[in-house]
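Participant: Each chain is listed here by its residues.
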Amino acid sequence: MSAVLHQIQGRMGKLFVLLPPYLWMILFFLLPFGFVLKISFSEAIIASPPFAPLFEFDPDEGILNGIFRIFNYQYIFEDSLYLNAYLGSAKIATVSTIICLIIGYPFALAIARSPKSKQGFLLMALMLPFWTSLLIRVYAWIGILRQDGVLNNILLWVGVIDEPLILLQTTFATYVGVVYAYLPFMVLPLYATLEKQDLTLLEASRDLGASPIRSFFDITLPLSIPGVISGCMLVFIPVIGEFVIPTLLSGESTLMIGRVLWTEFFNNRDWPVASAVAIIMLLVLIIPIIIFQNQQAKQEG
Amino acid sequence: MPRFLKFSLWAGFAFLYAPIFVLIGYSFNASRRGSVWGGFSTHWYGELFRDEQILNAAWISLKIGVLSATGATILGLLGAVAMVRFGKFRGRTLFAGLMSAPLVMPEVITGISLLLLFISAEQLIGWPAGRGLLTITIAHITFCTAFVLVVLQPRMASMERSLEEASRDLGAGPVTTFFLVTLPVIAPAIVSGWLLAFILSFDDLVIASFTAGPGSTTLPMLIFSKIKIAVSPDINALATIIILVAALGLVAAMFFSRRQSD
Amino acid sequence: MTVGNQSEFIRIENIVKKFGEVTAVNNVSLNISQGEVFCLLGGSGSGKSTLLRMLAGFDDPTEGRVIIDGDDISGKPPERLPVNMMFQSYALFPHMTVEKNIGYGLRRDGISKAETKQRVDEIMEMVKLSPFATRKPSQLSGGQRQRVALARCIVKRPKVLMLDEPLGALDKKLREETQQELLKIQRDLGLTFIVVTHDQEEAMTMADRIGIMDMGQIVQVGPPRELYENPNSMFIADFVGSLNKFKGVIKGQDGDDTIVGLSENITVKVDTGFEHNDGDKVMLTNRPEKLEIFSADSAEQPTTKNVLDGTVKFVSYMGEQTNYAVELGDDVVVRIAEQNHHMSTKASISMGDKVKVAWPARSTHLFSA
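Protein chains in written order, with the working numbering: chain A, 21 to 321; chain B, 357 to 618; chain C, 2 to 370.
The set of hints was computed from the structure by calculation and includes no laboratory data. Fair warning: there could be bad hints in the mix.
Claimed, not checked - Derived lysine-lysine pairs resembling DSS-like cross-links, with alpha carbons at most 27 Å apart:
1. K584/B <-> K318/A
2. K584/B <-> K419/B
3. K444/B <-> K34/A
4. K77/C <-> K444/B
5. K137/C <-> K318/A
6. K185/C <-> K173/C
To be verified - Where chain A lies over chain B, by a calculated footprint (3+ residues, C-beta under 8 Å):
7. 376-387
8. 400-414
9. 417-426
10. 537-549
11. 568-574
Even for Gly, the Cβ is constructed at its ideal location relative to N, Cα and C.
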């Protein structure tokens with residue numbers, strides 16, 4: 021009897037722990053996508069809120085009429101602006117992810133191979149910029165890249181150039197900003213897998229006759245693939261929807277979908293089109309997100 | 357360590373820190389034009405503390421940050437307990453997915469979806485009445501919870517299971533055990549998780565912009581509206597202060613996690 | 002309170018534990034009496050730890066029940082059982098002082114602060130921890146931690162104390178000392194101990210009785226001497242101590258002795274109650290320390306029923322004893338362990354020497370092959 025009671029209590033206790041976060045995430049993370057989907061089939065009107073209701077109650081017939089309009093999607097597919105923005109985002113995200121990996125891998129490896137006593141400090145140094153507002157860090161690059169900024173001044177002073185380069189509001193500035201902002205997201209998961217690696221494996225490989233470079237490609241790199249996947253996804257996915265960096269650094273040079281969505285939403289107040297843009301972005305990102313989550317689940321198990 | 361690795365380490369840190377030092381340098385520049393050095397001055401700091409608008413926005417961000425970090429820490433802690441201690445349960449995959457997806461979800465998507473939820477909910481059930489502190493806080497708790505979980509879950513998983521079993525064995529029930537043993541043991545990670553959530557909330561521009569209402573302009577929203585128009589030197593001073601506070605917060609978090617490993 | 006039968010203080014009845022498809026504990030029944038030191042000995046995966054965890058209430062048995070002092074404990078949570086466990090890792094709460102750790106269980110039972118303090122002080126005195134009362138576990142040595150873990154359990158005066166590999170984390174010197182201390186406390190307080198270990202030496206020195214586990218079942222229960230001298234299976238014989246093993250065939254009978262052929266040319270006499278027929282294939286075992294070795298030309302000569310000629314293949318000097326491997330011909334190799342208590346001519350036996358091996362008929366066992 022008491023055993024049964026104990027089991028029921030145990031089950032209630034588990035529900036008590038599980039339900040608050042579960043319900044919260046369903047209510048405020050999963051459910052909202054439903055509303056985005058719904059409004060993406062709606063029509064923009066000048067009102068508050070600026071979209072037509074999807075269902076109308078017909079008092080004569082006593083029925084609820086649903087009116088789904090797919091012209092928002094048609095509009096997106098017909099106007100090359102959107103397609104170019106999606107492609108632009110994909111290109112920026114892909115190239116930035118690769119650059120982050122190229123810079124981040126040796127960086128992470130260097131931290132992981134530092135003396136244990138120094139690793140804490142190095143990690144802290146890596147985290148510090150990440151703990152500082154992204155907005156402010158991107159803003160700082162304006163001061164460096166603009167025509168009378170620090171970089172041009174230094175280059176002029178050294179004599180590499182005769183007149184200031186136009187760096188700001190270029191694709192170059194976009195890449196600098198994105199790589200700068202997302203580098204820690206690449207380095208941290210890489211460090212986590214590299215730090216766990218058994219160094220005697222490398223010694224064994226060297227002992228068996230492999231050169232340091234051979235050992236890196238045969239041992240270190242294959243064993244760090246989970247970190248590479250996590251890092252790449254942590255950079256690639258959010259960069260697709262990036263808004264702050266293209267707005268502050270790219271000017272008109274680069275079209276990115278996050279900024280287009282923002283403009284549709286805030287400047288044009290076309291919420292249904294903005295919703296449709298978000299839905300398509302989400303569809304594009306579903307596969308990378310699934311890859312990321314599988315990786316998370318594997319690392320946990 | 358190979359020379360190449362040493363070089364990447366230093367180059368990497370130079371890349372990460374150069375903009376921050378440039379910003380700090382500018383904040384003490386007496387000249388209004390950023391490019392010219394007009395001598396050392398703390399003028400812009402003075403300006404900052406006389407700017408009602410900035411102080412007001414900072415106060416709003418602080419309130420939202422504390423509330424969001426606390427909410428996210430509670431939800432993240434419960435989530436970590438469920439993920440680490442409950443083994444396999446029905447709906448675990450969905451749960452794990454929901455708890456980690458916000459880590460990578462583009463902010464514009466999270467922002468627009470939460471706003472549309474709030475507006476639709478207001479139409480349907482009259483809640484939340486308008487948007488402001490409450491809606492921003494709900495939005496921030498939602499995405500910060502994922503980050504708190506990332507900090508807490510490994511700590512929870514590496515905690516020796518026998519500590520909790522010993523407590524049960526010595527006569528404590530599951531709830532008592534959680535408060536007297538589990539919580540104190542992972543306390544440093546909880547502090548780190550809270551600080552991270554606070555910083556994320558305090559720094560967020562995009563999600564707050566979608567979910568804010570009139571009168572709830574946060575500090576990043578105000579900064580954004582200023583720097584979009586022109587370089588303004590008082591923002592350099594503000595940025596320097598924010599960097600300093602973040603650095604202190606990080607040192608505190610590291611200090612706590614050091615203590616935990618002892 | 003119901004008081005159960007003394008010799009059936011703990012009654013384990015047909016207990017089964019399955020994890021999905023895997024049966025970790027398979028129909029174990031066992032009685033343990035009050036004041037006994039009972040050792041569960043087995044390799045990893047033998048089910049001994051699972052059995053212990055069920056006794057402590059951490060896992061519920063799939064079938065069967067456990068009765069401690071007349072109370073059925075099945076399904077009760079660990080905090081409501083009159084048993085305490087000393088964990089292999091000690092599981093000392095890192096954020097509490099020694100004092101707080103030891104008093105934890107008393108406070109959970111609702112005992113007043115004053116009484117807790119008094120009882121904690123008493124126990125700390127007893128296990129010599131008083132000077133360390135306000136230290137944290139991280140500031141203690143391995144032996145001190147072990148004593149805190151012990152004190153934390155016994156302060157609650159449990160009916161049964163379970164010890165999971167109690168000496169596993171200590172170095173060799175400290176082990177012997179601690180072992181004696183543990184047994185002294187057990188006797189002084191009249192506690193019932195259930196010890197789980199994979200270390201047969203630890204089990205032999207501590208236990209009144211040992212239960213050997215293999216693949217989820219208890220294969221033999223008995224006092225250490227009985228398990229060593231009269232193992233009921235090849236598995237037990239091999240598990241406890243070192244062993245010579247030979248394949249053989251029953252050749253016939255000579256009075257009380259059974260004649261077993263180890264090869265075409267080698268036969269030995271075995272005095273055992275083993276039921277057999279001529280021609281049966283058997284496994285023959287004996288202990289290396291029961292055999293004697295003599296130089297072929299030594300003045301001292303063996304008097305046992307079996308004396309076999311052989312050649313020394315290997316000698317290793319171990320300090321207190323010397324181990325020999327001797328080939329008897331036909332690829333039959335026997336290991337011999339001799340105590341080095343007297344300086345004899347044996348000291349000069351070396352590799353390649355011709356020797357005689359004395360092979361008593363008694364201390365040899367036969368098992369069906």
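Participant: Run every hint past the structure and note whether it holds.
Facilitator: Evaluated hints:
Pair hint K584/B plus K318/A does not hold up; C-alpha atoms about 42 Å apart against a cutoff of 27 Å. Annotation: proposed proximity of K584/B to K419/B holds, straight-line Cα distance about 25 Å (limit 27 Å). For the given pair, K444/B sits about 12 Å from K34/A by alpha-carbon distance, which is consistent with the 27 Å threshold. With a CA separation close to 22 Å, the supplied pair K77/C and K444/B stays within the 27 Å bound.
For the hint linking K137/C to K318/A, the alpha-carbon distance of about 36 Å lies beyond 27 Å, and the restraint is violated. Taking the CA atoms of K185/C and K173/C, the gap is near 19 Å; set against the 27 Å cutoff, the hint holds. Check on the segment 376-387 of chain B: 4 of its residues sit with their Cβ under 8 Å from a Cβ of chain A, so the three-residue criterion for coverage holds. Check result for the segment 400-414 of chain B against chain A: violated, 0 residues qualifying (beta carbon to beta carbon below 8 Å, three or more required).
Counting residues of the segment 417-426 of chain B whose CB falls under 8 Å from any CB of chain A gives 0; the rule of at least 3 is not met. Note: the segment 537-549 of chain B has 0 residues with beta-carbon separation from chain A under 8 Å; the three-residue rule is not met and the coverage is violated. Coverage of the segment 568-574 of chain B by chain A is violated in this model, with 0 residues showing a Cβ closer than 8 Å to a Cβ of that chain against a need of three.
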